[in-house]
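Take a look at the letters that make up each chain.
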Amino acid sequence: GAVVSQHPSWVICKSGTSVKIECRSLDFQATTMFWYRQFPKQSLMLMATSNEGSKATYEQGVEKDKFLINHASLTLSTLTVTSAHPEDSSFYICSASTGIGEQFFGPGTRLTVL
Amino acid sequence: AQSVTQLGSHVSVSEGALVLLRCNYSSSVPPYLFWYVQYPNQGLQLLLKYTSAATLVKGINGFEAEFKKSETSFHLTKPSAHMSDAAEYFCAVSTGTASKLTFGTGTRLQVTL
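The listed protein sequences correspond, in order, to chains S and R. All residue numbers for the first sequence refer to our numbering, where the first residue is 10 and numbers rise by one. All residue numbers for the second sequence refer to our numbering, where the first residue is 75 and numbers rise by one.
Treat the hints loosely; a few may be bogus.
Claimed, not checked - Heads up, simulated DSS-like pairs for lysine-lysine below, C-alpha to C-alpha not over 30 Å straight-line:
| # | chain 1 | residue 1 | chain 2 | residue 2 |
| --- | --- | --- | --- | --- |
| 1 | S | 50 | S | 29 |
| 2 | S | 64 | S | 29 |
| 3 | S | 50 | S | 23 |
| 4 | R | 143 | R | 132 |
| 5 | S | 75 | S | 64 |
| 6 | S | 23 | S | 73 |
| 7 | R | 143 | S | 73 |
| 8 | S | 23 | S | 75 |
| 9 | S | 50 | R | 174 |
| 10 | S | 75 | R | 174 |
| 11 | R | 132 | S | 64 |
| 12 | S | 50 | R | 132 |
| 13 | S | 50 | S | 73 |
| 14 | R | 132 | R | 174 |
| 15 | S | 23 | R | 143 |
| 16 | R | 142 | R | 132 |
| 17 | R | 174 | R | 142 |
| 18 | R | 123 | R | 174 |
| 19 | S | 50 | S | 75 |
| 20 | S | 29 | R | 174 |
| 21 | S | 23 | S | 64 |
| 22 | R | 143 | R | 174 |
| 23 | S | 29 | S | 75 |
| 24 | R | 123 | S | 23 |
Because the hints were derived from the structure by calculation, they are not lab data.
Using the sequences and the hints given, assemble the complete structure.
Dropping the structure here:
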């Protein structure tokens with residue numbers, strides 16, 4: 010149990026395009042989902058926290074208009090990187106929580122912007 | 075505010091030797107502490123967690139960690155390293171099990187023959 014999936018697992022896009030990453034909790038309802046980014050050989054940095062049905066809470070320094078987060082259901086959250094640039098290339102990881110238990114992490118999505 | 079410091083970005087041990095990965099935390103409230111393992115190009119897997127119960131926490135794959143409030147530490151140990159333990163290990167702190175996590179910078183464990 011407690012499986013979180015991400016799609017796609019990797020994506021390559023051209024600079025200026027938008028990319029959507031999906032995070033799904035497969036066997037539980039996630040009231041809260043978290044989005045992290047991880048640069049090569051670095052730690053995970055929290056980007057935003059999203060609760061189902063409400064606006065995401067972004068961490069300081071994260072552009073909410075660039076990284077659009079939607080948490081429309083208890084099993085799905087999406088992160089859209091708008092007008093992607095090479096500096097947005099990173100490993101994006103989501104986690105999901107029932108709100109009273111631990112966070113379960115997805116396998117990550119590697120984004121490469123050319 | 076919370077923070078985590080992992081001493082040693084890279085640790086190398088021989089197979090069968092003791093594994094010790096260090097983690098010190100700072101928290102203005104009683105912390106919840108976690109150790110995660112990450113294999114290349116994968117997400118994070120929870121090894122163990124401290125949630126204010128027993129100070130010695132046993133996790134998966136033979137790992138354990140001890141919460142020492144006086145030292146603000148939560149070091150990860152394993153008596154005998156296996157080749158399969160080679161990975162990146164992250165210590166993290168939060169104010170609750172479902173609250174946002176603050177991660178340390180990670181320690182890469184190398185296991186040699």
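Hint check results:
1. Between residue 50 of chain S and residue 29 of chain S, the direct Cα distance comes to roughly 24 Å. Compliance with the 30 Å bound is thereby established for this hinted pair.
2. The straight-line distance between the Cα atoms of residue 64 of chain S and residue 29 of chain S is roughly 17 Å, inside the 30 Å bound, and the hint therefore holds.
3. Between residue 50 of chain S and residue 23 of chain S the alpha-carbon distance is near 24 Å, which keeps this suggested pair within the 30 Å criterion.
4. For the hint linking residue 143 of chain R to residue 132 of chain R, the alpha-carbon distance of about 17 Å falls within 30 Å, and the restraint holds.
5. For the suggested pair residue 75 of chain S and residue 64 of chain S, the alpha carbons sit about 15 Å apart, so the restraint of at most 30 Å is met.
6. Proximity of residue 23 of chain S to residue 73 of chain S is assessed by CA-CA distance (about 21 Å); at most 30 Å being required, the pair is judged to hold.
7. With a C-alpha separation of about 37 Å, the suggested pair residue 143 of chain R and residue 73 of chain S falls outside the 30 Å cut-off, and the hint is violated.
8. Our distance criterion of 30 Å between C-alpha atoms is met by residue 23 of chain S and residue 75 of chain S, whose separation comes to about 16 Å.
9. Between the alpha carbons of residue 50 of chain S and residue 174 of chain R the distance comes to roughly 21 Å, so the proposed pair stays at or under 30 Å and holds.
10. Distance restraint check for residue 75 of chain S and residue 174 of chain R: the Cα-Cα separation of roughly 21 Å lies within the 30 Å cut-off, and the hinted pair is therefore satisfied.
11. A distance of roughly 37 Å separates the Cα atoms of residue 132 of chain R and residue 64 of chain S; the hinted pair therefore is violated under the 30 Å criterion.
12. Taking the CA atoms of residue 50 of chain S and residue 132 of chain R, the gap is near 27 Å; set against the 30 Å cutoff, the hint holds.
13. Taking the CA atoms of residue 50 of chain S and residue 73 of chain S, the gap is near 25 Å; set against the 30 Å cutoff, the hint holds.
14. A hinted pair counts as satisfied when its Cα atoms are at most 30 Å apart, and residue 132 of chain R with residue 174 of chain R qualifies at roughly 23 Å.
15. This hinted pair does not check out: residue 23 of chain S and residue 143 of chain R have alpha carbons roughly 49 Å apart, beyond 30 Å.
16. Of the supplied pair hints, the one linking residue 142 of chain R and residue 132 of chain R holds, its CA atoms being roughly 15 Å apart against a limit of 30 Å.
17. About 22 Å separates the Cα atoms of residue 174 of chain R and residue 142 of chain R, which keeps this hinted pair within 30 Å; it holds.
18. For the proposed pair residue 123 of chain R and residue 174 of chain R, the alpha carbon gap of about 14 Å is at most 30 Å, so the pair holds.
19. Of the supplied pair hints, the one linking residue 50 of chain S and residue 75 of chain S holds, its CA atoms being roughly 24 Å apart against a limit of 30 Å.
20. Restraint check for residue 29 of chain S and residue 174 of chain R: satisfied, since their Cα atoms lie roughly 23 Å apart, inside the 30 Å limit.
21. Between the alpha carbons of residue 23 of chain S and residue 64 of chain S the distance comes to roughly 28 Å, so the proposed pair stays at or under 30 Å and holds.
22. With a C-alpha separation of about 21 Å, the suggested pair residue 143 of chain R and residue 174 of chain R falls inside the 30 Å cut-off, and the hint holds.
23. Restraint check for residue 29 of chain S and residue 75 of chain S: satisfied, since their Cα atoms lie roughly 12 Å apart, inside the 30 Å limit.
24. With a C-alpha separation of about 41 Å, the suggested pair residue 123 of chain R and residue 23 of chain S falls outside the 30 Å cut-off, and the hint is violated.
This entry does not satisfy hints 7, 11, 15 and 24, going by the numbered hints stated previously.
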